[in-house]
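Peer 1: With the sequences and hints as input, model every part of the structure.
Read off the chains here:
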Amino acid sequence: MYLREKKTDGSSLPIENHLISTDLFFRRKGERMFLKSKPLWGKRPRLKSSYDAVIIGGGLHGLATAYYLAKEHGITDVAIIEKRYIGFGGAGRNTAIVRANQRTQYNVPLYKEALDLWPVLTKELNFNLMFNNCGNLNLMHSEAAMKAARMTIATAQFHGVESHLIDAKEAKELVPALNISEDITFPIHGAMFHPPGGIVRHDAVVWGLAKGAARLGVHIHQQTEATAIHTEGGKITGVTTSRGRIHTPRVLVAAGGYSAGIINQMLGIKLPISVLTIQAMVTQPLKPILNHVVSSGAYHCYANQTLKGEIATGAHMDPWPNYTTQNTAHYIKHQAEALSDWLPCLRGVKFMRIWGGLADMTPDMAPIMDGNDPIEGFYMDCGWGYFGFKSCSATGKYMAQFMASGNCPDMLKPFNLRRYENHQLMGETAALVNYTPDN
Amino acid sequence: MALTLTCPICGKRNGYEFRYGGEDKGPRPAEEGLTPRDWCDYAHMNKCVAGVQKEWWFHRDGCGSWFTTYRDTVRNLEVDAPEANK
Amino acid sequence: MTRLNQLPTLRVNPSEKVSVSYRGKTYQGVAGDTVATALFANGVRIFGRSLKYHRPRGLYSLDGECSNTFMDVDGVPNVRTENTPLKDGMVVKEQNVKGSAEFDWMGFIDKLDFMMPAGFYYKTMHKPAAIWPHAIKQIRKAAGLGVISPDYKMKGEYDEMFLTADVTVIGGGAAGMTAALAAAESGLRVVLLEARPHLGGCFDYRASKYTDDTPLYARARDLAEQVEATENIRVFKHTPMVGAYNNNLITGFQVGGKNDVFTERYIEIRSTSVVVATGCIERPLLFDNNERPGVMQVGCAHRLARTYGILPGREAVFSVGHDLGLEAAIDLFDLGLKIACVADCREDGHDPELMLALAERQIPLLKGWVAAKAHGKTVNKVTLTTVNGMVKRVFSCDVLVASAGLSPVTGPLVLAQGKMSYDSHTGYFLPSTLPERMFPAGRMTGVNNPLSIEASGRLAGLKAAAGCGKDLETAIADAQKAATALPGPELGSKLVTAPVKGRKSFICFDEDATVKSVKQAIDKGFDVPELIKRFAAVGLGPGQSGIPGHNLPLFVAKYTAAIGTPKSTTVRPPLVPTFIATYAGAHHHMFKRTPLHVSQKAAGGVFRNIGVWQRARYFSKDFDCREEILNVRNNVGLLDGSTLGKFRIHGPDALKALQRVYVSDMSKVKEGRVKYSAMCNDDGCVIDDGVVVKQGENDYYFTTSTARAGATVEWLRYHTRYDGWSFHLVNLTDALGVINLSGPNARKVLEKVTDADVSNEAFPFSGCREFTVGGGIPVRAMRLGFVGELSYELHVASSYMQAVWDMLWEAGKEFNIAHFGVEAQNVLRMEKCHIILGAESEQRTNLLDVGLGFLWDRKKTDAKTVGAVALRQAEGDSGRLTLVGFKMENSERAPRDGAIIVDTRVRGYVCTARKSFSTNEAVGMALVESQLSDIGTRLEIFEDECNGERLYAKVVPMPFYDPDGKRMKM
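Protein chains in written order, with our numbering: chain A, 4 to 442; chain B, 62 to 147; chain C, 163 to 1132.
Don't take every hint at face value.
[To be verified] Taking lysine to aspartate or glutamate pairs in the DMTMM-like style, the calculated list, with each CA pair at most 25 Å apart, reads:
#	chain 1	residue 1	chain 2	residue 2
1	B	108	A	379
2	A	311	B	84
3	A	273	B	78
4	A	150	C	374
5	B	108	A	127
6	C	539	C	272
7	B	86	C	876
8	C	643	C	272
9	C	1049	A	146
10	C	299	A	165
11	C	315	A	176
12	B	115	C	598
13	C	289	A	119
14	C	317	A	235
15	A	336	C	313
16	C	754	A	186
17	B	115	C	272
18	C	299	A	176
19	C	303	A	206
20	C	1026	B	92
21	A	273	B	122
22	A	46	A	127
Just so you know, the hints here were simulated from the structure itself, not pulled from any lab data.
Peer 2: In structure tokens form, the structure reads like this:
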């Protein structure tokens, strides 16, 4: 075949009339796909002395908020201050499950919007977020659980989100590996099946959003630690970092599990949060065997198969505050026992890698998104427990709206910090608080 | 093991024998004049210290006593009480 | 192939034949072979195909450092055949191939590698959007290595063992063995873990000198004999260590031998001190096609011959960076391997004795040379080059023994939170901070001299013993002196890659990540090893950090010319991939059963797991429980309520404690009468309800719900922890059982079994009486109204329960007594609008919301009752969920529990609803926002799958059945 060589002025020349091998043709095309020397989110920016907005935390919520601030509100003079590297925290550690079948009517619309945004973001960012809407099954192990599922399913259906209650046999048809016999600790009665949910490649979302935000002018400062937040007369005036001081009228703390500690340490504001270590693991890669995300409340366990073939599983949290992100022998054994019960074929599979992350738990299993109260210009987005990934795009959009206008969007109003002192727990879990969140 | 805690009656035991009871916030405030904010501060708000904090623990699989101890949440290890002048 | 059957280093038994079946043919191996060595001995060179490019792969490390030799064995996928012992009759299959490992149709993908640079999948397959779902299917099919069937049943027995040790030694080589012996001298309990089936480590297969008349392998066997003869050393062979946690908790798993009852056994050790003597693996050499079948590491080649009696090939080329490579070449030559040439990337620093030995054998040695490229589908030629890439030479061979140097196995130290930093002398990442009471020893510290290895082992063992409190100051000082006098850490080779572009130089075999892809990742801004790992998928496969762990940071430092030294990457458990079955161990299902479990089962009870208990939910196949329900309403029924929490509280401050946790004024409880009350949490939500009975001054007996029984003592003591009160709590939950005798004929039955006066006058509703039944069995009886009929709740010592049950059953026969289960009880109480916590209450509802406000005594503020503040502050708030009773417009159709109540948005939900057989109406209880709670309000009900069609109901007064409560007071 003949190749034409493009000149910089757009005209073209045939290459020497040689017969070029197919190999070379594709090689050139492949290499052009990747502009070899250009970093994905630009070169390391210098830290300016002032910005229109400073976001502490380079995870999914921080990146999403910055992206939408720039994209939808024209606020591009934004600095993301990230202590380590983007995606270091929960963003890079979660097992990437997405769904919109939450319990209450305050949460469903937010998560639904986020779920619908995955294909949209993929296109906007021109980055494959690898959204696989394989559907989620949430197993129920008692009549009471089936009833609780009904309530959640009715709520979902009422909001136009697809969700169905299925019995054990139907669950087994969807998940042939499921053990629906009676002789396990928590026999399966049925499941809540949510077809639009699935998994996304979490690293891709981090890199895609970083790429998108950086292209719009946002400065992403990695290896930069925020050490103080400054206020005067009840208003935000700036932030001090390990690389210098920044003046700004707006600060958002979206630092995942580290948020509560930062907010208390730097501003003296306490939060109804307990930061636990949550663990997860993957098995060695297998050919396709699990076609849906399956989770079980009774077993404190979920499993899904990544695109690489690994079974990702997890969910356990030691119920005490713990910033280590370390694993425990107790968890690994517990996980193996649980999987041995409801996915017994996995007994012949090996655990390959185990890791941990932080889950900042609130008493009502719903996040805290608030701003301008008690400090004008100060915004917080935290308390996401182990479900922050699912909503990051929609949350970023609404937090950006909040920060740009100064007015709380209706979507976020129920998530204010004051709801606790007003005795208005959100009820995203039915469970009562004993001593601390998640305990 | 991994985490171990020292029960005042039973001594050093495996952490999983215990139940966590929260940051130490002192005795229950009197009901008189307690505002919703004060109540919420006592009932729900936490400092979430990344470091040493004083906590309550219950020896569930043992003697059944509640006690306080100090634990470094960054290393998840029980530590001695910090010096009085710290 | 003929094997070397006479070597003194052999760990196989050539006279015992073992067979393995592969691709329809049966091959002979010998006892002690691994699956891979047996196949290798029979000429198999290509064991599988790599994940991404389907490149042929073969034996490389012999220790399972990568997935090269992963095969399906007897239906189990991803088995590391190179270190899995061969059992007679095993059936082996290749994985991840279309065709065979030799001729894989997918092999063409290798030519398309340029289309798949690092992270290419983020840039493709999403445009146009429609192709992505199809791409997902293809990616999933191409990904993954092994296959497991959804019906697969793991064979074998799995067990678990929990040990406590003073000193745990990880690694049974020379350093580990001397450490164990040193620690054992003080009489401590020592546990020694060795991953291979035999002790001996790096001495085991080598003939070079320990002393003039003792070769290393003899020394290894001698040490092993000493160790196994020492009573206080417990040796676990074939036991890889997989995890290390705070406080020196060590985990591993033992592979069962021929005479063990377990297939694999999970082992957890609580240890005071730990010695880590895990030695070194080899640092892979990076050159083009460095992972071809026929390319193998020094240890692999050497052990194939010495341990298994199999020469690695006919003619070899060596490309090494360490004296062990030279030693192996000499030894293998003596065993019959032809050697075309030995290239050593070091210009100098070679052991002169080894140089002499090479010269004596006329083996060409090229100093400052390294392999540049391996040729052939399995190696048939090698291009060697000078380290600067200027001069090239080509050699024919069928095996290329390649290694850049050594890498210490520091995994256990990192898992235990030790910090590693780069040491420029050895080229290793060595510990800069050590975890408490954890001591490294042996080759992993950088030493290579056999005496140095042993000296460091002894020193570590003594330090470990000192960590257990033994006074060994002098011994340690002596051992330190001895160790310092011997050769220290050796200068390591710093060669990172051969002078090639690296397009086919594989830095991670499992993920097919090349040097070139790492460069691409760095160029894209992923300039930290942790990020490269994720973006270029380096070290994320089954071998984890085994192959790339050392090379990646070295390469990144070199390529980015980073200021500062290379930084090591994180390590996570398990250090060796472990079966889920092994971790699960001997998992048992355990439940609590009531004293009546057996008889309830015999009577046809259908049991469910409720919390930690097994309870009978139904007694017939009719899950509507019509018969059970009507029998209670019309005759009399028996229910086992034994799971109820039961407690005694007594002591000078017992009443104060009750006042703190119960919302009612407990001082009003009178002897002989039952008081129903509730406990709230600080949000004012009902956390428990039950009845309280006064037994005497400051002496009470109270019940709790089944679910809260385990937390009651904890709760009471928590909320009184600052007060210094004196009271005792006795948990009687298991000591007593409870029988509910309910129905209009209940008294008639009771009269037949007791002489006590149980007339309505003597024992009215809400009364509590103690008497005997059956001529002597003590019973505490309470008249309660949970199901809305004449009911007696009988509290009986557990050991008497069956007897009382049987006598009531006999007595009740003439009154049509029948069992009823938890579900029937659920409906009966629903008809009376009595709440069940968790059904009619939840996190958003407080005591007032669920209609129990009448229990709350507001005046007792001194008691600082838990929940009172929240109740007071929330009182009067509008919009709170409120419990209401409702009646359906269609009396035949009750909504399913959980249906939501709506208008333009969700306003509440149905808690419990049934077609009531007692009232012939469809009724239920629901939680709705307070604005909808007035009697007469019309409710719109949205059920799941209703397709928009609503059901309608009206709010009605509660309860539905017997509103005046006459029936329970008769």
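Peer 1: It remains to establish, for every hint, whether it holds in the given structure.
Peer 2: Tested hints:
no.	hint	verdict
1	108(B) with 379(A)	holds, 22 Å
2	311(A) with 84(B)	violated, 42 Å
3	273(A) with 78(B)	violated, 29 Å
4	150(A) with 374(C)	violated, 80 Å
5	108(B) with 127(A)	violated, 40 Å
6	539(C) with 272(C)	holds, 12 Å
7	86(B) with 876(C)	holds, 18 Å
8	643(C) with 272(C)	violated, 56 Å
9	1049(C) with 146(A)	holds, 23 Å
10	299(C) with 165(A)	holds, 23 Å
11	315(C) with 176(A)	holds, 19 Å
12	115(B) with 598(C)	holds, 23 Å
13	289(C) with 119(A)	holds, 17 Å
14	317(C) with 235(A)	violated, 69 Å
15	336(A) with 313(C)	holds, 22 Å
16	754(C) with 186(A)	holds, 15 Å
17	115(B) with 272(C)	violated, 59 Å
18	299(C) with 176(A)	holds, 19 Å
19	303(C) with 206(A)	holds, 22 Å
20	1026(C) with 92(B)	holds, 7 Å
21	273(A) with 122(B)	violated, 32 Å
22	46(A) with 127(A)	holds, 22 Å
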